[in-house]
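Protein sequences appear in the order of chains A and B.
Heads up: the first sequence begins at 301 in this note's numbering, then just goes up one per residue.
Heads up: the second sequence begins at 301 in this note's numbering, then just goes up one per residue.
It is possible that part of the hints are untrue.
Chain copies aren't distinguished; within one or between two, either way the pair holds.
Keeping only pairs whose Cα atoms sit at most 35 Å apart, straight-line, the calculated DSBU-like set for lysine-lysine is [unchecked claim]: (1) K461 <-> K429; (2) K385 <-> K313; (3) K501 <-> K372; (4) K407 <-> K313; (5) K447 <-> K372; (6) K385 <-> K480.
Since the hints were made in silico from the structure, they are not lab data.
Number of protein chains: 2
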Amino acid sequence: MYICAPMAQKKSKPSIHTVLTPQLLDLYEIKDSIVVIIDVFRATSTMATALYNGARKIIPVDSPELCIEMGKQTGGVTAGERDGKIIPGLSYGNSPSEYPRSFIENKILVITTTNGTKLLHMALKQGAKDIITGSFPNFSAVANYLKEQGVPVILACSGWKNRFNIEDTLFAGAIIEALKDDFTIHCDSSLMANQLYCQHKDDLAQYIQTTTHWHRLAAYGLEQDMLYCISIDSAPSIPIYKEGALVNGL
Amino acid sequence: MYICAPMAQKKSKPSIHTVLTPQLLDLYEIKDSIVVIIDVFRATSTMATALYNGARKIIPVDSPELCIEMGKQTGGVTAGERDGKIIPGLSYGNSPSEYPRSFIENKILVITTTNGTKLLHMALKQGAKDIITGSFPNFSAVANYLKEQGVPVILACSGWKNRFNIEDTLFAGAIIEALKDDFTIHCDSSLMANQLYCQHKDDLAQYIQTTTHWHRLAAYGLEQDMLYCISIDSAPSIPIYKEGALVNGL
Chain A
301 MYICAPMAQK KSKPSIHTVL TPQLLDLYEI KDSIVVIIDV FRATSTMATA
351 LYNGARKIIP VDSPELCIEM GKQTGGVTAG ERDGKIIPGL SYGNSPSEYP
401 RSFIENKILV ITTTNGTKLL HMALKQGAKD IITGSFPNFS AVANYLKEQG
451 VPVILACSGW KNRFNIEDTL FAGAIIEALK DDFTIHCDSS LMANQLYCQH
501 KDDLAQYIQT TTHWHRLAAY GLEQDMLYCI SIDSAPSIPI YKEGALVNGL
Chain B
301 MYICAPMAQK KSKPSIHTVL TPQLLDLYEI KDSIVVIIDV FRATSTMATA
351 LYNGARKIIP VDSPELCIEM GKQTGGVTAG ERDGKIIPGL SYGNSPSEYP
401 RSFIENKILV ITTTNGTKLL HMALKQGAKD IITGSFPNFS AVANYLKEQG
451 VPVILACSGW KNRFNIEDTL FAGAIIEALK DDFTIHCDSS LMANQLYCQH
501 KDDLAQYIQT TTHWHRLAAY GLEQDMLYCI SIDSAPSIPI YKEGALVNGL
């Protein structure tokens, strides 16, 4: 009896979707996807930086109370801001500049932020296959990781209090630009994000200053922080969520 | 006694916000605003056209069952589609081409659609000050009306099953372009929408063919319908919601 060898299956490309704000996450099936949490100003930029600078792990928590509690339990550095000020009871803020190697190496960072850490917990509850965080400082590391994994990707923008923001969408558009030959795109939010990025990739520093978040943080004197947050590949790392914490997968 | 005349108060400009999908509507305070319901493909384009062609009024309902019921009660023409086909029990579809003056003049149209009529009812429940519908065929009439009213504006995009879509965002961006000297803009979604429109205002017919909704409706042979839906000022009218129905305020 002659048995045919199975036809070589042409592997179909995985999908990529962009979720413009946390309030839209439940519209997407994320169980088979890597969810990339994006909070350019400044949670995920700070996370990339702390891990790049040797932090042992980062525990993202969704409330100041839990941040204090986890800080005690782990002996970690507690961090979180509201309205540009360190939250009472915590020790540090959300600025990447607060976490140089000389300070954060081998330490545990416990952090809560207005948008990014909340979205990460939403993705967790909704059963994401894997969760990583993305930002311009670890752009290429994230893009390469997603290409290597070859599974569906959800680019999840943290926005601002559930509303759309431009800076997270720009980062999603940058990732799409890097992945678009290897993934399929069937959503208008990804088309728009990619187009916005392509239009502004050469004037990112100027364009970003037109956004509402720039104005909000500039009022606290955080312009240098924000310019760092759009500096590409300044902190190569892959923050991967494993057993309750982000660790560097690079 | 000399009494000073009161200082001339510099009237502050009203705000304009863009709500990218119905699922984000509850993030906005709409009680003092005119909400513009936008469903370019094709509900609000069809509504503008039917009123321009002399329909007495349009009753937008959020289910096929209610559409049948209201059709019976009012003697109106019932309309609604799902997946490109007329919904069983209703008589007509969602295409603006179905409502020429020779057919719709002096008639009542009772219509249900996938996204637009549902959003209108959400805005109603959330207590919008006033509700109108907008589309490219009645673009200038809507823009002029909003300028004249001089109150806060919410540009509410119907999207696709609560997800973002490009065509409604483009229309929001076009309205912002017309209003931006007379209104204040403090949201990234309005900045993005306006920018998207400015980038594509001269190649709208080509650009629109890259969107997911174009592909969806083109599969039903509706290309001409969609090209009509992006034709500016082809059906000047102001569909204003009053006492359960849209009437022409022009």
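Hints and how they fare:
1. K461 <-> K429: This pair counts as both: shortest intra-copy Cα distance 25 Å, inter-copy 24 Å.
2. K385 <-> K313: between (45 Å within a copy, 31 Å between copies)
3. K501 <-> K372: For K501 and K372, the Cα distance exceeds 35 Å both inside one copy (43 Å) and across copies (57 Å).
4. K407 <-> K313: This pair counts as neither: shortest intra-copy Cα distance 39 Å, inter-copy 50 Å.
5. K447 <-> K372: neither (38 Å within a copy, 57 Å between copies)
6. K385 <-> K480: Classified as between; 34 Å across copies, 39 Å inside a copy.
Consistency with the previously given hints fails for numbers 3, 4, 5, ordered from lowest to highest.
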